[in-house]
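*Asks:* The listed protein sequences correspond, in order, to chains H and W. If you count the first sequence from 1, you need to add 100 to reach the working numbering. If you count the second sequence from 1, you need to add 30 to reach the working numbering.
Some hints could be false.
Restraint ranges, calculated between C-beta atoms of paired labels, are given here [as the list claims (entries may be wrong)]:
1. H:Ser398 to W:Gln86: 29 to 37 Å
2. H:His439 to W:Glu56: 29 to 37 Å
3. H:Ser398 to W:Asp97: 31 to 39 Å
4. H:His439 to W:Pro34: 31 to 39 Å
5. W:Asp97 to H:Thr240: 51 to 59 Å
6. H:Glu324 to W:Gln86: 26 to 34 Å
7. H:Ser398 to W:Gly96: 31 to 39 Å
8. W:Ala107 to H:His439: 32 to 40 Å
Cβ-to-Cβ under 7 Å is the rule here; a few derived chain W residues that face chain H [stated by the list, open to error]:
9. Ala60
10. Ser61
11. Pro74
12. Asp78
13. Arg79
14. Thr82
Listed below are the simulated SDA-like cross-link pairs for lysine to any residue, each with C-alpha atoms no more than 25 Å apart in a straight line [to be verified]:
15. H:Lys417 to W:Glu45
16. H:Lys581 to H:Gly649
17. H:Lys417 to W:Lys52
18. H:Lys498 to W:Trp70
19. H:Lys581 to H:Pro726
20. H:Lys604 to W:Trp70
21. H:Lys417 to W:Asn99
22. H:Lys663 to W:Ala60
23. H:Lys498 to W:Glu89
24. H:Lys114 to H:Asp128
25. H:Lys498 to W:Lys52
26. H:Lys663 to H:Pro700
27. H:Lys114 to W:Leu106
28. W:Lys52 to H:Pro343
29. H:Lys417 to W:Arg44
30. H:Lys477 to W:Arg44
Think of the hints as simulated: they come from the structure by calculation, not from any bench. Heads up, the beta-carbon is just placed ideally off N, CA and C, and yes, glycines get one too.
Read off the chains here:
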Amino acid sequence: MIGQVLGRCRVLAKIGEGGMGTVYRAYDEGLHRDVAVKVVRKDAALGPSASKNLLHEARASSSLSHPNICTIYDVGETDGELYIVMELVEGKSLRDLSADGGLAPESVMRYGAQIAGALARAHDRGIVHRDLKTANIVVTSEGLVKVLDFGLAKTVGGGIFEGPTRSFASIENASSVSGTLPYMAPEILRGDSADYRSDLWALGVVLYEAASGRLPFQGRTGFEISSAIMREMPTALGPPVPPGLWAIIQRCLTKEPMQRYQRASEVQAALEAVQSAAIVSKDSGTDVSPPTTTMLHSVRHAQVKRGDFLLLVGTTKGAFIVRSNAQRSRWDVGGPYFHGHNVYAMAYDARGGRHRIWASTQSYWGTLLRSSDDFGKSWTNPRQAPIRFPSDAGVSLKNIWQIAPGRPEEPDVLYCGVEPAALFESRDAGETWSLVRGLFDHPHRPRWVPGNGGLALHTIVLDPTNAQRMYVAISSGGVYKTNDGGTSWTAQNRGVRAMFMPDKYPEFGQCVHKIALHPAHPERLFLQNHWGLYRSDNAAESWIDIANGVPSDFGFAMIVHPKNPGSVYIVPVESDEFRCACDGRLRVYRTRNAGASWEPLLRGLPQKRAYETVLRDAMTADSLDPTGIYFGTRSGQLFGSRDEGRTWHKILEGLPSVVCVRCAVYEDSSGDGQPALSKSAPSTATRSKSLSASKSHSASQTHKSRPTRKR
Amino acid sequence: MIVPVTFHIPGALREFTAGRSKVVVEQSPASLAEALSVLWTLYPGVRDRIATEQGQVREHINIFVGDENSRYTGGLATPIPPGAAISIVPAVSGGCGISRRLVNSKNRLRTVVILRQLAASKAYLRR
Numbered sequence: 101m102i103g104q105v106l107g108r109c110r111v112l113a114k115i116g117e118g119g120m121g122t123v124y125r126a127y128d129e130g131l132h133r134d135v136a137v138k139v140v141r142k143d144a145a146l147g148p149s150a151s152k153n154l155l156h157e158a159r160a161s162s163s164l165s166h167p168n169i170c171t172i173y174d175v176g177e178t179d180g181e182l183y184i185v186m187e188l189v190e191g192k193s194l195r196d197l198s199a200d201g202g203l204a205p206e207s208v209m210r211y212g213a214q215i216a217g218a219l220a221r222a223h224d225r226g227i228v229h230r231d232l233k234t235a236n237i238v239v240t241s242e243g244l245v246k247v248l249d250f251g252l253a254k255t256v257g258g259g260i261f262e263g264p265t266r267s268f269a270s271i272e273n274a275s276s277v278s279g280t281l282p283y284m285a286p287e288i289l290r291g292d293s294a295d296y297r298s299d300l301w302a303l304g305v306v307l308y309e310a311a312s313g314r315l316p317f318q319g320r321t322g323f324e325i326s327s328a329i330m331r332e333m334p335t336a337l338g339p340p341v342p343p344g345l346w347a348i349i350q351r352c353l354t355k356e357p358m359q360r361y362q363r364a365s366e367v368q369a370a371l372e373a374v375q376s377a378a379i380v381s382k383d384s385g386t387d388v389s390p391p392t393t394t395m396l397h398s399v400r401h402a403q404v405k406r407g408d409f410l411l412l413v414g415t416t417k418g419a420f421i422v423r424s425n426a427q428r429s430r431w432d433v434g435g436p437y438f439h440g441h442n443v444y445a446m447a448y449d450a451r452g453g454r455h456r457i458w459a460s461t462q463s464y465w466g467t468l469l470r471s472s473d474d475f476g477k478s479w480t481n482p483r484q485a486p487i488r489f490p491s492d493a494g495v496s497l498k499n500i501w502q503i504a505p506g507r508p509e510e511p512d513v514l515y516c517g518v519e520p521a522a523l524f525e526s527r528d529a530g531e532t533w534s535l536v537r538g539l540f541d542h543p544h545r546p547r548w549v550p551g552n553g554g555l556a557l558h559t560i561v562l563d564p565t566n567a568q569r570m571y572v573a574i575s576s577g578g579v580y581k582t583n584d585g586g587t588s589w590t591a592q593n594r595g596v597r598a599m600f601m602p603d604k605y606p607e608f609g610q611c612v613h614k615i616a617l618h619p620a621h622p623e624r625l626f627l628q629n630h631w632g633l634y635r636s637d638n639a640a641e642s643w644i645d646i647a648n649g650v651p652s653d654f655g656f657a658m659i660v661h662p663k664n665p666g667s668v669y670i671v672p673v674e675s676d677e678f679r680c681a682c683d684g685r686l687r688v689y690r691t692r693n694a695g696a697s698w699e700p701l702l703r704g705l706p707q708k709r710a711y712e713t714v715l716r717d718a719m720t721a722d723s724l725d726p727t728g729i730y731f732g733t734r735s736g737q738l739f740g741s742r743d744e745g746r747t748w749h750k751i752l753e754g755l756p757s758v759v760c761v762r763c764a765v766y767e768d769s770s771g772d773g774q775p776a777l778s779k780s781a782p783s784t785a786t787r788s789k790s791l792s793a794s795k796s797h798s799a800s801q802t803h804k805s806r807p808t809r810k811r
Numbered sequence: 031m032i033v034p035v036t037f038h039i040p041g042a043l044r045e046f047t048a049g050r051s052k053v054v055v056e057q058s059p060a061s062l063a064e065a066l067s068v069l070w071t072l073y074p075g076v077r078d079r080i081a082t083e084q085g086q087v088r089e090h091i092n093i094f095v096g097d098e099n100s101r102y103t104g105g106l107a108t109p110i111p112p113g114a115a116i117s118i119v120p121a122v123s124g125g126c127g128i129s130r131r132l133v134n135s136k137n138r139l140r141t142v143v144i145l146r147q148l149a150a151s152k153a154y155l156r157r
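For reference, chain W alone in the conformation it holds in the complex (with noise of 0.2 Å):
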C-alpha cells in the first residue's frame, strides 16, 4: 500500500506549484532524492529553486524530513518513512507561509544542532 508523502512548500516557491502550499505525492520514494525529483517532475519550476545545476541542494535551503534537517540526516539520500512530511525552508527566514508546527520543531532542532556543533567543536579540539 502506498502512504502518500506530503511536500510542505515555502510562499516563495508556490508560484511554481501552482498555489499549493501541500504536494502529496502518491509514491513511496525511498531517500529524499527520489522524493524530490518526484516534486520536480510534477513541479518544474521547484527544481532550480532548491538544487544547483550540479545537483547540490542550495546552501541557504534546508529541507526537513519531519523534523529533522535532512543535512544531518544523510542529505540527499536520508531515507523517507512512509507518508512523511518533507518541508522546504529557506534558512533564517520567516513568513513564508511555514506552519506554526514546524517553526516550533526548528527551535528543537536549532538546540539539536547547536548541542551537536558544540560536541563536534571539542572533538576537534581534543585532537
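Chain H extracted, bound-state conformation (with noise of 0.2 Å):
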C-alpha cells in the first residue's frame, strides 16, 4: 500500500491498524496537504450494501464541519477497497490519556465541553456517532479535541460485541468486547436503535472515565458488563471531581432516555457553567446542576403518534398542541405549557428529519425561544436567553414574534421576527443567532414607530425559487425586501396607503399587518394593512388595491391556500377603532381570483354577537387534503375548516386569547424508525408544511388608536 496512490492522496506510512481496516498517513497531491486515509479491510465483513452504507454515512459525515470534529474529505473505492481520506489528526487519545487515575476536573469539564460542542453539531444534522468512547477522540498538543469516525460506526459490525470501528488512536486495543461495550446505552442493549441521546450515554461514559481512569460499568465477561449497565449505578466520584461535574455525568448516565440530557448543547452549556463557576467558587462547595432543559411532568400531554395533525397554539397564557389524526376530526388537547407566559410565535420544523417543535416565551424574566423534540413533553430551558442584541445595539429584546424556518434546503436555517423592530437568523438549527445588521443599521430604523402592539418585525417570507431575497414586514414601517440575502434592504411600499400619516402615500412608515405569497407565484404578493387590502404582481415593487366587495379592508391575519396560488384567506374587522368582526358576525372572506372578487365564507361560525378578532399570526392552513383552514381567535375560541373554509366547526373554546395558530403533520416515515436521524430529504407533505409555514403566517396585537376613517 505503501507509495500507493488513492484518488489524489499518496500513502505514505501506515500509522495505525484496527478492527476495521489499516490507517495511513498520505499526502494529497491536490490540495497539498497531509491527510490520513483509512483503508477498509477487504475481509470486514462488508458485504455489497454495507459497502454502499459505509460510502454513504461517510458522505453524510463529510457535510459536518466543525473544529472538534475530524473532518472527512473524501471517500472512494479502488480495487474493490473502499478508503476514506479524513484530517490528519496529531495527539493523544482520551483513553490513553485518562489512563494514569484520570485527568483533572478542569481538562474533564474543557475536552467534555469540546466534545459535547461537536455532538450537538453532528446531532443537528442527524447523525448519530454511535460509536463515542475515549479511544475515538484525540486531544492535540494545543489542547483541542477531535473527535473522529463520526455516523461510521452504523453500517459497520452488526452485533453488539463486535467494535464497530477502530481508529488509529485506538490500534492498542486488541479486544473488541472491552472497546465498544462498555459505552453502550441500555437502549442499545435493550434491542433499541441508537439516537442522539444514546451518544449523550457514551458522553458520560467517557466524562466518568476521563475524570476517574476507570469505566462505570465494569464486569469480567459481556455479561456482566451488559447486567451493570442495565441495572447498576455507578461508583460516586467524590473530591477532586466537582460535585457539579459528577451531576452532569449523573444526568448522562440515567438509565431511562428522556431522563438524561436531551441535547449534546445542553451538556456543553453545564460544563461550560460548572467550569466558571469553580473559578470563582472554590470554596463555596455550591453545587452546580443547571437543568437546561425542562420536563413537565404535571402538565397534559397529547400523545401523538406518527401520521397524527397538529394544531400547535399559542395564547397569551401559554401553548398548546392540539392533536388529531389526517381525517381531523377529534381532537386531543396537550398544555398549557408556559403557563402564564405569551406565546406569540410557534413554528414546527420537519426539515433534516426533525420534528421539533418551536415557541417564544415572554413573561416578567424576559422573552426566551425554546423548543421541544417530543410534542411538548419536554422543552428547552436555555440558561442563556439565545436571541440578544449585542450591546452596541443599546436596545433589549421585548418579544419574538414570528420563528420562521428557513428553505427546505438550508434545514439548519431559521429566522426570527422581533420586538423592537429586528430581524435574527441563525444557520445552525437554532443552536446561536445573530442580529440581521443590515437591516438593523439601515438609516430608516430609527423613524419607524411603534403600533399598537409594540414595535414589531412580524412576518418573514422567503423568496422560494431565489435564495438571496426575503421580505419582513413591520409594524409601523412598511415592507422591505432584500435581494442579496440580508446585507441590503429596501422599502417596498409604492402604492400602499398610510392613513395616519400627513403624507398618505409616503416611502415607509406604513403599518402593514400581514404579507403573503404563494411558492409558484414568488413574484406576487399579498398584503394586509392596517386599513387596505394588496396585491402586487412585481416583487413588492408597487402595490394595487384589491379590496373589491370585503366589508372592510381593516384586518390582521391573511394567508394563500397552500395549492391554489390565487386562493387568499382573510378574517376583516370593522375598524381600528372597534377590532370586532364586523357586525358581530365572524367571517372568512376567501378570493379565488387573487383579489378581483371575496366571498364570505360563514357556515359553522357565530353570526350573532361574535365580536370577535383574528389576529396576524391565528390563521394557517394544512397541507392535507382537502386542504384544512384553521382560526384562533382573541376570545379563546379554536376553528377549523376541513373543506377549504365551506363549512366550519368549533375545535375549542374557552382558551386565553389566541395569537398564533400553527399547523404540522408528524410524518409517517418509510424509514428506520428513527425520526430524528432520517437523512432523507424532506417529502412532499414536509416540503409544502415548510413552504406553507413560511408563507401563511398570519398573530397579533393592536395599534394605537388613531383618528382614522374608512376610505
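Starting from two chains that each stand alone, build the complex the way the hints lay out.
*Replies:* As C-alpha cells, then:
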C-alpha cells in the first residue's frame, strides 16, 4: 500500500490498524496537505450493500464542519477496497491521557465541553456517532479535542459485541468487547436503535472515565458489563471531582433516555457553567447542576403518533398542542405549556429529519426561544437567552413575534422577527443567533414608530425560488425586501396607503399587518394593511388595491391557500377603533381570483354577537387533502374547516386569547423508525409544510387607536 | 472577616439554582451589581431572567436589599451591607415561595413608595 495513490492521495506510511482496517498517513497531491487515509479491510465483513452504506455514511459525515470533529474529506473505492480520506489529527487519545487515574477536573470539563459541542453539531445534522469512546477522541498538543469516526459505526458491525470502528487512536486495543460495550446505552442493549441520546450516554461514560481513569460499568464478561449497564449505578465520584461535574455525568448516565439531557448543547452549556463556577466558588462547595431542559410532568400531554396532525396554538397565557389524525375530526389537547407566559410565535420544523416544535415565551423573566423534540413533554429552557441584541445595539429584546424555518434546502437556517423591530438569523438549527445588521442599521429604522402592539418585525416571507430574496413586514415601518441575502434592504411600499400620516403614500412608515405569497408565484404578494388590502405582481415593487367587495379592508390575518395560488383568506374587522368582526358576524373572506372578488365563508361560524378578532398569526392552512384552514380568536375559540373554508366547526373554546396558530404533520416515515436521524430529503408533505410555514404566517397585537376613518 | 450575603431566590428561578431557595455567597460584595455578578457566576441561568442583555434589571423584577427596593436606593449601585439579605421578587406576583417576612416588608415598602410617589408628583405640580 505504501507509495500507492488512492484518488489523489499518495500513501506515505502506516500509522495504525484496527478492527475495520488500516490507517495511513498520506499526502493529498491535489490540495498539498497531509491527510489520513483509512482503508477498510476487504475481510471486514462488508457485503456490497454495507459498502455502499459506509460510503453513504461517510459522505453524510463529510458535511460536518466543526473544529472538534475530524473532518472527512473524501471517500472512494479502488480495486474493491473502500477508503476514507480524513483530516490528519496528531495527538494522544483521551483513553491514553486518562489511563493513569484520570485527568484534572478542569481538563475533563474543558475537553468534555468540546466533545459535547461536536456532538451538538452532528446531531443537528441528523448524524449520530454511535461509537463515542475515549479511544475515538484525540487531544492535540494544543489541547484541542477531535472526535473521530462520526457516523461510521452504523453500517459496520451488526452485533453489539463487535467493535464497530477502530481508529488509529486506538490501535493498541485488541479486544473489541472492551472497546465498545462499556459505552453502550441501556436502550441499545435492550435492542432499541441508537439515537442522539445514546451518544449522550456514551459521553457520560467518557466523562466518567476521563475524570477517574476507570469505566463506570465493569465486568469480567460481556454479560457482566451489560448487566451493570442495565441495572447498576456507577460508583460516585468524590473530590477532586466537583459535585457539579458529577451531577452532569449522572444525568448523562440516567438509564431512561427521556430523563437524560436531551441535547448535546445542554451538556456543553452545563460543563461550561461548572467550569466558570469552579473558578469563582472554589470554597463555596455550591452544587451546580443547571437543568436546561424542563420536563413537564404535571401537564397533560397529547400522545402524538406518526401520521398525526397537530395544531400549535400560542396564547397570551401559554401554548397548547392540539392533536388529531388525518381525519381532523377528533381533537386531543396537550398543555398549557409555559403557564402564564405570552406565546406569540410557534413553528414546526420538519426539515433534516427533525420533528421540532419551536415556541417563543415572554414573561417578567424575559423572552426566550424554546424548542421541544418530543411534542411538548420536555422543552429547552436555555440558561442564556438565545436571541439577544449585541451591546452596541443599545436595545433589549422585548418579544419574539415570528419564528420562520428557512428554505427546505437549508435545513439549519431559521429566522426570528422580534420586537423592537429586528430580524435574527440562525445557521446552526437555532443553537446560536445573530442580528441581521443590514436591516438593523438601515437609515429608516430610527423613524419607524411602534403600533399599539409595539414596534415589531412580525412577518418573514422567503422567496422559495431565490435564496437571496426575502421580505419582512414591520409595524409600523412597512415592507422591506432584500435581494442579497440580508446585506441590503429597500422599502417596498409604493401604492400602500398610510391613513395616519400627513403624506398618505410615504416611502415607508406604513402599518402593514401581514404579507403572504404562494411559492408557485413568488413575484406576487398579498398584503393586509392597517386599512387596505393589496396585491403586488412585481415582487413588492408596487401595490394595487384589491379590496373589491369586502365589508372592511381593516384586518390582521391573511393566508394563501397552499395549493391554489390565487386563493387568499382574510378575516376583516370593523375598524381600528372597533377591532371586532363586522356587525358581530364572524366571517372569513376568500378570493379565488387573486383579489378580483371576495366571498364570505360563514357556515358554522357564529353570526350573532360574535365580536371576535383574529390576530395576525392566528390563522393557518394545512398541507393535507382537502386543505384545512384553522384560526383562533381573541376570545379563545379555535375554529377549523376541513373543506377549504366551506364549512367550519369549533375545535376548542375557553382558551386564553389566541395569538398564533400553526399546523404540523408528524410524518409517517418509511425509514428506520428513528425520526431524529433520517437523512432523507424532506418529503413532499414536509416540503409543502415548510413552504406554508414560511408563507401563511399570520397573530398579534393591535395598534394605537388613531383618528382615522375608513375610505 | 467575611459575613456572607444571602440571596432569596423565587420559585421560578430555582430551576437554575439547583433547587435552592437561598444562596449564600461567602463574599463581601460592595454593590448590588457585584453581588449579582457573583450570583450568576455561580448560577448562570439566573442572569438573563433578572437582567436584560444590556445589563439593566428587568422592568417587572424588583430586587430588595434588606427591606428596601433597590430601584429607590441607587439601582445596581445600591451598597450591600455585610450579611445583607437580597431578595429577587417579580412585581405583582404572589406565591413563588416569597417568605412571609418579605411579604410584610413589601407591604410596608409599598406604603413608603406610594408616599414617595405622591411627594414627587406634588413637587412636579408645583413646578
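*Asks:* Sort out which numbered hints this structure fails and list those numbers smallest first.
*Replies:* Of the numbered hints given earlier, those the structure breaks are 6, 9, 10, 16, 17, 19, 20, 21, 22, 25 and 27, listed in rising order.
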